[in-house]
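Both chains come to you apart, so use the hints to assemble them.
Those sequence lines, one after another, are chains A and B.
Numbered according to my numbering, the first sequence spans residues -15 to 423.
Numbered according to my numbering, the second sequence spans residues 361 to 844.
You can trust all of the hints, since none of them are fake.
Simulated pairs of lysine to aspartate or glutamate, EDC-like, Cα-Cα distance not exceeding 20 Å:
id : chain 1 : residue 1 : chain 2 : residue 2
1  : A       : K45       : B       : D395
2  : A       : K45       : A       : E266
3  : A       : K293      : A       : E266
4  : B       : K493      : B       : E587
5  : A       : K293      : B       : E398
6  : A       : K237      : A       : E383
7  : A       : K237      : B       : D547
8  : B       : K493      : B       : E398
9  : B       : K679      : B       : E689
10 : A       : K179      : A       : D119
11 : A       : K293      : B       : D395
12 : A       : K45       : B       : E398
13 : A       : K179      : A       : E391
14 : A       : K45       : B       : E480
15 : A       : K45       : A       : E4
16 : B       : K493      : B       : D395
17 : A       : K237      : B       : E843
18 : B       : K493      : B       : D547
19 : A       : K45       : B       : E483
20 : A       : K45       : B       : E388
21 : B       : K365      : B       : D376
22 : B       : K493      : A       : E294
23 : A       : K45       : A       : D136
24 : A       : K293      : A       : E304
If you only want the chain B side, here are some residues facing chain A, beta carbon under 10 Å, derived:
id : residue
25 : Q394
26 : G407
27 : S424
28 : T541
29 : G627
30 : E629
31 : N783
32 : G788
33 : I822
These are computed hints drawn from the structure, not numbers from a lab.
Note that beta-carbon positions come from the ideal geometry of N, C-alpha and C, so glycine has one too.
If you want the building blocks of each chain, they are given just below.
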Amino acid sequence: MQHEFFELADLVQAQLRPGERFTAWLAAETSDFVRFNHARVRQAGHVQQAHLTLRLVADGKQVSVTMTLSQQVAEDRAQVLHQLDALRGQLPDVAVDPHLLLADTCHVASRREANPELQAAVIVEAVTSRAAAYDLVGILACGVIAHGFAADTGSRLWAETTSFNLEWSLFAHGDKAVKSAYAGTVWEEAVFADKLAHAVGQLALLQRPARTLTPGAYRAFFTPVALESLLSMLNWGGFSEKQLQVKRSPLLKLQTGEAAFSPLVTLVENSAQGLSPPFQGEGFLKPAEAPLVRDGQLFGSLVSPRTAKEYGLTANADAEETTQSLHMAAGDLPEADVLRRLDTGLYIGNLWYLNFSDRMNARITGMTRFATFWVENGEIVAPLNVMRFDDSLFRVLGEHLEALTVERALLVDTDTYGARHTASSLLPGALVRRFELVL
Amino acid sequence: MDTIKKTFARLRPDVDFCALRVVETRGETLAVRQDVQEPLTRSVDRGAMVTVIHAGGYGYAATSQLTEAGLQAAIQEAKRWAEISRTRSVFDYSQIALPHPSGQYHSPQVAHAPQVQRRELLELLMAESRAAKVDDRIVDWGATIALLASRQLYITHASAAQGESGVEQDFQFVMPGVSVTAFANGDTQTRSLGGQYNGYCRQGGQEILQAAGLVGAGARVAREALELLAAPNCPTGQMDLLLMPEQMLLQLHESIGHPLELDRILGDERNYAGTSFVTPDMFGTYRYGSELLNVSSDPTVANEFASYGWDDDGTPAQKHLLIRDGILERPLGGAISQARSGLPGVANARACAWNRAPIDRMANLNIEPGDATLAEMIASVERGVLMDTNVSWSIDDSRNKFQFGCERGVLIEGGKLTTVVKNPNYRGISATFWRSLRRVGNASTSQTMGTPFCGKGEPNQIIRVGHASPACLFGDVDVFGGEA
Chain A
-15 MQHEFFELAD
-5 LVQAQLRPGE
5 RFTAWLAAET
15 SDFVRFNHAR
25 VRQAGHVQQA
35 HLTLRLVADG
45 KQVSVTMTLS
55 QQVAEDRAQV
65 LHQLDALRGQ
75 LPDVAVDPHL
85 LLADTCHVAS
95 RREANPELQA
105 AVIVEAVTSR
115 AAAYDLVGIL
125 ACGVIAHGFA
135 ADTGSRLWAE
145 TTSFNLEWSL
155 FAHGDKAVKS
165 AYAGTVWEEA
175 VFADKLAHAV
185 GQLALLQRPA
195 RTLTPGAYRA
205 FFTPVALESL
215 LSMLNWGGFS
225 EKQLQVKRSP
235 LLKLQTGEAA
245 FSPLVTLVEN
255 SAQGLSPPFQ
265 GEGFLKPAEA
275 PLVRDGQLFG
285 SLVSPRTAKE
295 YGLTANADAE
305 ETTQSLHMAA
315 GDLPEADVLR
325 RLDTGLYIGN
335 LWYLNFSDRM
345 NARITGMTRF
355 ATFWVENGEI
365 VAPLNVMRFD
375 DSLFRVLGEH
385 LEALTVERAL
395 LVDTDTYGAR
405 HTASSLLPGA
415 LVRRFELVL
Chain B
361 MDTIKKTFAR
371 LRPDVDFCAL
381 RVVETRGETL
391 AVRQDVQEPL
401 TRSVDRGAMV
411 TVIHAGGYGY
421 AATSQLTEAG
431 LQAAIQEAKR
441 WAEISRTRSV
451 FDYSQIALPH
461 PSGQYHSPQV
471 AHAPQVQRRE
481 LLELLMAESR
491 AAKVDDRIVD
501 WGATIALLAS
511 RQLYITHASA
521 AQGESGVEQD
531 FQFVMPGVSV
541 TAFANGDTQT
551 RSLGGQYNGY
561 CRQGGQEILQ
571 AAGLVGAGAR
581 VAREALELLA
591 APNCPTGQMD
601 LLLMPEQMLL
611 QLHESIGHPL
621 ELDRILGDER
631 NYAGTSFVTP
641 DMFGTYRYGS
651 ELLNVSSDPT
661 VANEFASYGW
671 DDDGTPAQKH
681 LLIRDGILER
691 PLGGAISQAR
701 SGLPGVANAR
711 ACAWNRAPID
721 RMANLNIEPG
731 DATLAEMIAS
741 VERGVLMDTN
751 VSWSIDDSRN
761 KFQFGCERGV
771 LIEGGKLTTV
781 VKNPNYRGIS
791 ATFWRSLRRV
801 GNASTSQTMG
811 TPFCGKGEPN
821 QIIRVGHASP
831 ACLFGDVDVF
841 GGEA
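With the rest of the complex left out, here is chain B (with noise of 0.2 Å):
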């Protein structure tokens, strides 16, 4: 980085802005599928997009030559970029004056990463897999690690030619998971752990591991597939909905995190991802929730997935309410977001490697924890249903009309968690759900979690999420089953 450092300081962009971010990317996936090592696969992934800000246009161009000539061409074609849209702009991008921010960040344990033992993984993902056939109905199974490391430098022109060392940021990312799928009769159910798409994410060391339960996760997983293959189907009905972790994460996503997102309130994204049913007037009166209702952008917080010193245009992280005691506060929006609306927001301009452009992205979007027990919400439900594990989801592209499924569902009775049901389903409206909150769970029932697999952009970015929510109650939700 330091070489690169001193080349972007040598070079000449005469512009009125400049910066350079490059990414280095190094993955490996580890997996075993019914007992058979899948092949192993590695990655390395490395280049640099400079941006450039000129007379009120904005360019960029993404390369993968970290050369003196590379890095000057990708200047010169931000720069075409720039003047190409001067005049045709949405937006005059000389009113913005982006940060020229110096320092470090590193994930947890970065520093002390052993190199990966990737025989010792191979091995535990061979023992759970094993565990796993636990019956002729179980007919596929298989669990995998994902690792993966990155390092980031972000420095402006400015900040390149004082000797400055901008932005470096080390990150380290690990991804476990296990999926078991039973079939009989007919019918086929997956269990997983912590979702098919990797929930349990996180920054860190190997120590994730253990902390996402991979360890037995094998045989357990499997026996919850037998057990969702004997259950019958979730009733259907007006009822209460305890949702887990595991499905909160999904439910916070997409019905609050995307809706919020500045680019979308101003359009960028109608094409593609969609618009949002929150509007600029909404922010400082509107009753998103109930008042248990506190939901923050917190990009600080240790271990969590998409935890930064400093978001892809310089800015600085740190935790923000969005939503306090249920009235709307501050989108999510980065630096360029904030001076188009006139309204404040996050450090969240984010990209998801060297060949995209930053755009308004939720980093780690949580639920600030309650004051209630598992077993007081639970106690408190004379009808209604758990849910855990998300397996289904969707919405309208203003975030309102909503849709998810669920891995396995418990009906609670009577106070008491009673019968095992799958297909677990529900819907709702944002713009009301959220207000029908009833409990939120005290931090033992929070988890940390994510997904690597957000969506959004043109071109299209699948980037990392972070999430912590504690277990909460809603009330009278529309719930129903599979076919009968």
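Bound-form chain A, shown alone (with noise of 0.2 Å):
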């Protein structure tokens, strides 16, 4: 496909007119999907899929066209040259861009990880076999996934991967649940027998019988998964400098001074260790690291090329200024004492649903899910039925924050809406003195 889509920007530069500039972003990717419901196949099949993004600017404006390659290259070619022909049509109908940032430099770089040898059969094989005796759900997503970038300085980017990520919750009864996740570019057995087997393991703890709190305000562990819950709500606006300039980040408090994190919260946009192409789909290479929070103040924002034009920044991300591998700091909580540290309180695995409750507070609700227990003198005693919190990330991560764990997860990003996602993040668990229940 690298080839074939450089040939297409190849073609474009080719056809260009004086004053006119054009960039290219493909993203494709050659997938099998199986679901799985009580250990069997629910629905499996596979998906070929390439989508060009081709932008024209010319005087100052600029239009853009997405359009479905069909992979056969006469057609292709001749489809990018109808819609070439049709953005040169619409130019007249927008007014010139004082916003539009382009990418003057010139990269080539190619970054490929192949594996022929991944099988989603194989894998599907492992699972139904193994997980026979339980009441296994999940999705497996396996194939390649490709980005390139073009444009008429010369650029030719490209990012290809062949992966795997199969993510699958194991069931005890009702909704209590054990969720696991198993993702990388070689599939082996063993791995995934010995995570099943962890999950088992809990399903006797999930087993026992379920304990109800009333509302109120408890201690709380946070495991990496139910962290990367809340701090994914940062990415409705939170790092975002252009929300931050319109006031309307959920951080806006963090960046007046108004309110602050725990000197322990330090995150970055690591994009240097991510999983997701080293350039954004503008061309720009995003930098290995932007600094984000440090030491609970807000340190630095997601800046995309067009907030960069419009507020006289530097670009640094991609266009919707979200974060695509976010790493956070680690703490001195050795996972083995979190138990012993938390004493009494809630164990949380994972959290569900959120969403703002009072966004300038950076309040949130949400429930719990699936592995989630109530913890006595330092033990894990009962399942928790599921509750529902609201409560501000600037106490959750502020003064509430009492510790993060010495160990840190890499959990990678299992959305498939449109396409497989490629977003990563290296987080910690989180101990919190109060955590406020509602419902």
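Laid out in structure tokens, this is it:
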């Protein structure tokens, strides 16, 4: 696909008229998707797709079109030329764009992690046979993901990975389950077997009679997965420079100094160690690291090229101004000591369906889910029935944050809206003094 | 489409059942933010999914190669997955006989749709944007129009081989939006036209822009944003709650629509979107709400966002009551889920695009109007709050414990609307909330709306859903505001 994409870019480049410029972004994948329910296959299939976004710039104006490529050379060449003409026809309709920022640099790079041995059918066999005795439900996504960028500057960038992402829940009964995931580029059945065995071990805890808590404030430990749910809300405009500028960011009070996180909180967008391409959709290379929160204070933000032009800043992020590889600094609490330090409170394995209940105070509501337990005197006593929380991140990650774990977990995004996503995060667990349950 | 049909007919799948679904969608988004045109974006998305049922297994393959070779390869890939899953499938798919339909469906106005008058629409958006900057406290403002046209073909191989036409459906969608943010003294308030997620979305032509109130919305929404800046927080307490259609759509969507989806009840979604507090034994007897509650699934309503003639497994659409006089009657499940569960259902096996397989999705989920006027409902409240326009939504994975927030509230005291309040929120439990339904507004209080962004499924899908609802009054609800 790389060759075909660059040939299409060359075709566009050769057709440019004086004063015209272009950028092209390709998102392609060849994926097998297999849904499981009751440790059997519910729905399985194959998706081959490639979407090309072509942007034409002239006289300070820009227009773009995203088209499906058929991956038939002649047909795609004809379509690209047709769309290039259509874009030219639209330029008179639009105004000069004062916020247009183009990358004037020329970068040529290619990164490829190929694994032709990776076979979804092998994974399906392992899952359905090893989990046959359990109530497993989940999804396997497996195959090649590719992203490319090209521009009239001569930039030609490519990133391609063959990978799998298996995420499943093992149910004990009702809504009581253990959620697990295994992602990588090389499938090792022994690793899956270990993860499955670990989940099976937790099923026994979930079989105990569940406890229902009364609303109120409790000590709580968030696993890295649960903490990721909380931090993901900061991608709803939190780190976005544009949203900070227009006073819509939930971290506005962090910026103005009206609120602060605990000095334990340090957050960095670490593109260098991420799984996403090192370049964004408009061809700007991402910095290796973009510090966002340092010692509890807002230190930086995510700036798209458009925002950069509008406010006179330097671009460091994608158009959506969201994290793709969020790293949180580790703390000093050994994972082995978590239950002892928690003493009595909630061990929260997963959160669910978060939303802002008061955005400007970073107040979030959501639910506990899956493996969430009541702990007494440092020992897990019972699974918890789901509870609704409503609390501010300025408190949970502020005055109420007691410790972060030494160990951090690499969490790979399992989202597949439109296409398989490539975001990831590296996070510790978090121990907090108070967490407000409301229903 | 005719060429693809003929190509498909020539192929020899050699399987028990094979169907082809072709989707071609063209979109254009126009936007103005802070009196500056946002970049014009268009999309042209075209591809096909082949579904195969063979020897009890089920497989699909999606491809953008619509040539004979491309479709043949897709059939082979779908057949391969049917064979792999055959001995380890959650359901013996040989037990189901999917239909072989033919027919046509068109959105209203689709045959008369004018070419996009891009410049005129951009001028309209610019005018609304400029009208919104009424005050220095307005810090962000913008207006958008998203236009979408989709052509779809569904045909089984048996139909194609016999020269039948299959199902051809032409859709046209219009999604206007206006959003204005005001800031002063450390507080930010955002007000919108129909919600910040395009609640005024419908099928049809550009007459929808007028019907949604886009013209004149810039100044009105800006004034309401400023009004919210000056407003007190919503009070805390148990009180009556009058929900307007711009909030009812989400209340209905989350706490009736999703829990009634049969694939959730069957457990397919437990790893992601969740399960349901509804169990198969509840249908026919369970009291979901007060006797005033009547809920329908109706993909046949003209103009509503998720209207169609057939679903993506070829089942013809028709109206069904899901809840009648408060009693639960019927789940939202397509042909495959009906066969798996032994329960009746509706035509709602739907896919968001050619690259995703159909699953159970609510389509147009509506509350049937009652007999109360808005004035009568307000007059009946001694102490309560009217809430309008969803801004926040959250519900547990069994679809029981919910919490919603709205952009704007107005106190009701002594049967009269009094003070505008900001950050209005409420929470409750689905299983009891709908039983507290005290009055249902008549047709004059009803709005036809929806959401373009309903997420569900593995792999994930975002799909279009329609909701029509009157204003509804609930008793004794847990209401609260923002941080003190």
